[in-house]
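All chains should be modelled from the sequences, with the hints used to inform the complete structure.
Residue numbering for the sequence shown follows this note's numbering, beginning at 241 and increasing consecutively.
By construction, these hints were calculated from the structure, which means they are not laboratory data. A couple of the hints might just be wrong.
Stated by the list, open to error - Here are the in silico distance ranges between beta carbons for each label pair: (1) K432 x P397: 22 to 28 angstroms; (2) G546 x D572: 38 to 44 angstroms; (3) Q464 x R329: 16 to 22 angstroms; (4) E573 x H517: 20 to 26 angstroms; (5) W307 x T568: 22 to 28 angstroms; (6) P397 x P543: 56 to 62 angstroms; (7) E298 x G546: 36 to 42 angstroms.
Where a beta carbon is used, it is the ideal one built from N, C-alpha and C, also for glycine.
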Amino acid sequence: MTEALELPWLAGDGPEAGLVISSRVRLARNLAGCRFWGRNTVDDRDAVLRQVERASSEIPELAGASWHRLDALPRLSRLWLHEQQLVSRELAGLDPTGTVRSGAAVLADGGQAVMCNEEDHLRIQALMPGFALEGARQAAERLDSELGQRISFAFHPEFGYLTACPTNVGTGLRASVLIHLPALVLTREIGKVLQGLSQVGLTHRGLWGEGSEVRGNLFQLSNQTTLGKSEAELLDHLSRLVVEVMGHEQRARQVLMRDAPLLVEDRVWRAWGLLRHARVLAFEETLNLLSGVRLGVELGLLPTLGWTTLNRLLVLAQDAHVARSADTGLDDEALPAHRASVVRRMMDGEVDG
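This is the structure:
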């Protein structure tokens, strides 16, 4: 059976849900008096984790949250958490060596998470569905405030919050949106748009954030630096540019429907047919097909399909989720067949329901 996901950011009911899958705000914090990453020891990281565990147990908002000690979990479970956007690839130890640093942990509660002993002692994050950066900021700041009342953070009166990486010094805020831009890719305008964003302080990544390649026409757009600007200024800058990008995407869709309507229809209907009937699917292929279906639904070319189902498939079709739903391992050669079964079942349930 497919596992039920309690991840609010997949709900598909946020603002601009057809274009923007989710919005995230992440705050980097370090504990005062504790050595930063690169110089800290096993005992230091354990001490950080104990302080955060004690502080979080006193916060009513985290009463339903659960701790996951990544340094005690098998690779499948660590990848499962990573696929849900709750932990970074680095913290989960998913590099080729498979090494997980001691003290690596995450406190997770739906769209909120606190990563411990990543590049910084704490990475506080909030994920919201759709284009909802302000809502994500408020959620992250509430959690930051609650923890800050119980833990002393490393702070400089001139520079702001101190972090392991200089680019995060200041507010320690990294904000991002996960946005779907198929028409800009098809019209080959995406390079020009991304180049323009980089010139005004934004960067782009793939579905899994830093170090990941773009797949399925899904781009994470985020601010590059935090020093010298307030949180409100950073979010306003990112929001205005995301609105511009959405405008570019909508105009590109109009061009496609004006100049090549049959090719667009053929692409989206092929994607629809394969997702509903394929017996074997690789994950990258699945992402590309989901992109075609999202575009078709948005353009009114395909039967109505809820954004929630399409969003959930972005997670449930990934390797660890497929393996867990099929009660098998990551090395199972039948994983692509299991994935196709998951996709068919969800698609059929939505269309037939």
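Okay, the hints, checked on the actual structure:
For the pair K432 and P397, the supplied restraint of 22 to 28 angstroms is violated, since their beta-carbon distance comes to about 42 angstroms. Between G546 and D572 the C-beta distance comes to about 30 angstroms, which lies outside the given range of 38 to 44 angstroms. Taken as a hint, the range 16 to 22 angstroms holds for the pair Q464 and R329, whose Cβ atoms sit roughly 19 angstroms apart. As the Cβ distance of E573 to H517 is approximately 21 angstroms, the hint placing it in 20 to 26 angstroms holds.
For W307 and T568, the Cβ-Cβ distance of about 27 angstroms falls inside the hinted range of 22 to 28 angstroms, so the restraint holds. For the pair P397 and P543, the beta carbons lie near 58 angstroms from each other, so the given range of 56 to 62 angstroms is met. Distance hint check for E298 and G546: the Cβ-Cβ separation is about 39 angstroms, which falls inside the suggested range of 36 to 42 angstroms.
This entry does not satisfy hints 1 and 2, going by the numbered hints stated previously.
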